[in-house]
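Its first residue numbered 1, the first sequence is counted upward by one per residue in the working numbering.
These aren't lab readings, by the way, just hints derived from the structure by calculation.
Check the hints yourself; a few may be wrong.
[What the hints assert, rightly or not] Pair ranges (Cβ atoms, derived):
#, residue 1, residue 2, range
1, R349, K96, 51 to 57 Å
2, R484, H367, 23 to 29 Å
3, K406, G251, 40 to 46 Å
4, D271, P109, 44 to 50 Å
5, S258, E95, 45 to 51 Å
6, N88, Q148, 23 to 29 Å
7, F82, K403, 57 to 63 Å
8, A360, D407, 39 to 45 Å
9, S258, P374, 34 to 40 Å
10, R349, K446, 28 to 34 Å
11, R254, S289, 18 to 24 Å
12, S289, A360, 42 to 48 Å
Note that this is a predicted model, so its numbers are computed, not measured.
For each residue, glycine too, the CB sits at the ideal point set by N, CA and C.
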Amino acid sequence: MTSSTTIGSSPRLRFAPSPTGYLHVGGARTALFNWLFAKHHGGTFVLRVEDTDTERNRPELVDGILESLQWLGLNWDEGPVFQSQRMNLYRAAAEKLLASGAAYLCYCPPEKYAGGDAAPEAEGGAAHSVRRVTRCGCRDGKSSPGDQKPAVRFRVPLGTTTAFDDIVFGKNAVANEEIEDFVLLRSAKEPGSDLGLPTYQLGAVVDDIEMRITHVVRGADHLSNTPKQVLLYRALGAEVPAFAHLPLILGPDRTRMSKRHGATSVASYQDEGFLPEAFRNFLALMGWSSGDDSEFMRTDELIRRFSLEAVSRTNAVFDRAKLEWYNTQYLQKLPVEEILPAVRAELERARIWRAEWAGAERDWFAHTVDMLRPRTRLLPDFSHWARAFFSDSFDYDQQAREKFWKDERLPAMLGKLADSLAALPEWNHDACDHALRAIAEAEGVKAGLLINATRVAIVGQAVAPPLFDTMVTLGRERVVGRLRRAIPMIGSK
RNA sequence: GGCCCCGUGGUGCAACGGUUAGCACGCGGCCCUUUCAAGGCCGAAAUACGGGUUCGAUUCCCGUCGGGGCUACCA
């Protein structure tokens, strides 16, 4: 679409989260697209932590963000680079801009510009409606220093228009009159220093230049800021990178996703038992499509087919039901070997993992997981409703008991079944099948009655794989033992 | 308020001047069946509205409405 999108031999991308919260789904999608693009073109993916706002920064959140990124498999090639450790870079840039006249010192008190929609009640409520683009007397050197420490503001060149090409949104142009003289360096807080911390605009541009970022891929909430940054690149004498803004991910009510929309952090989905690859696949199709109707695309295919040109301009609503569908699909379709580690981790978490399953009983484990997975949606299903397959300590679902243990002849019939099973010369699907049906026939009841009652007796649930497969998997000893253990419970509360 | 962006079923995406507007999730029904899933089949459901341009608009233009973003010494 954009001819300036000539992708060099090795594009350099970056994801630059700010540690003011956990990694949320929007950030994860941005990281994913950067990563997919870098992988597709054999480029470099850099991680940068934008921690210049010392007030709102929570350093302890950095680890969580990195962990979520790693969980998603979005490995970075360089970094993490912390902006807080590169202050001299930003100050040098500010000095350079000051020296060239592209920036000026502003002595206005910070409160003067506080407000806007963030604080509409300021100045009597009408303030935001008459609010003008920031342009104070300091720009022309009319203000005197006084006691106030200065901030450094960019001197937006008036009388012209700033334009750029966005790979996703196309041509963008805005009259410079509409761009405020944004702050580059905040006024100093500490008594000693003259200049303060850099703002996002300065930090991002200086770093993107220094890191030789070729493609800036980020959320569309930055679209309106981009002209400012284009101006900065030029004032710094640097080449403007390619921009690609991504449509936003919204909550079900079409407003920006936030805590009140429930789970928004990547970590919460990890905790719930989603598979990272399923999550990735889901995320990839929010704002992007392969062009055809493909939906189930594993990561290598995503990398192969990804392009920024195919990114949509429409905001997308996060649909948890679809995410769950993806997880179900992955749980179902992946070679069973690939989901074993995740199931193991889940069983370990539930403290019912046994070392043999990684050794001598590895085949049994793989087979059992394979048998169970068509009925699973999230990883914890393996340790919850399927718990009886991995542990002898499990509960009997109350509703299942009420539904399938109603018949008062059941204790006697199940007793006979237990005896019959215990005496079976062979322990396999058909042998169990015949034994049970023989008893049903002799007692004059439908096999289903015994099948359902037995299922509840041996796994505690109404839901399980086909009964005779379940019996074979569990083994004779367990089945007979559990049957006898359950008999006294039938009819009792 | 100002500036900018977006607008296909409830949701995520296709159709990039000519299709009976396609796929998927979700929803309803049927089949399968030993419970529950998975799977198969069928169904309801959309081009926000109004003007243009055109032989012909989902598609191009304008307006309205709706949604979103920015308008911070946050990022």
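Evaluated hints:
no.	hint	in the structure
1	R349 with K96: 51 to 57 Å	holds, 53 Å
2	R484 with H367: 23 to 29 Å	holds, 26 Å
3	K406 with G251: 40 to 46 Å	holds, 45 Å
4	D271 with P109: 44 to 50 Å	holds, 45 Å
5	S258 with E95: 45 to 51 Å	violated, 39 Å
6	N88 with Q148: 23 to 29 Å	holds, 24 Å
7	F82 with K403: 57 to 63 Å	holds, 58 Å
8	A360 with D407: 39 to 45 Å	holds, 40 Å
9	S258 with P374: 34 to 40 Å	holds, 36 Å
10	R349 with K446: 28 to 34 Å	violated, 40 Å
11	R254 with S289: 18 to 24 Å	holds, 20 Å
12	S289 with A360: 42 to 48 Å	holds, 46 Å
Going through the hint list in order, the structure does not satisfy hints 5 and 10.
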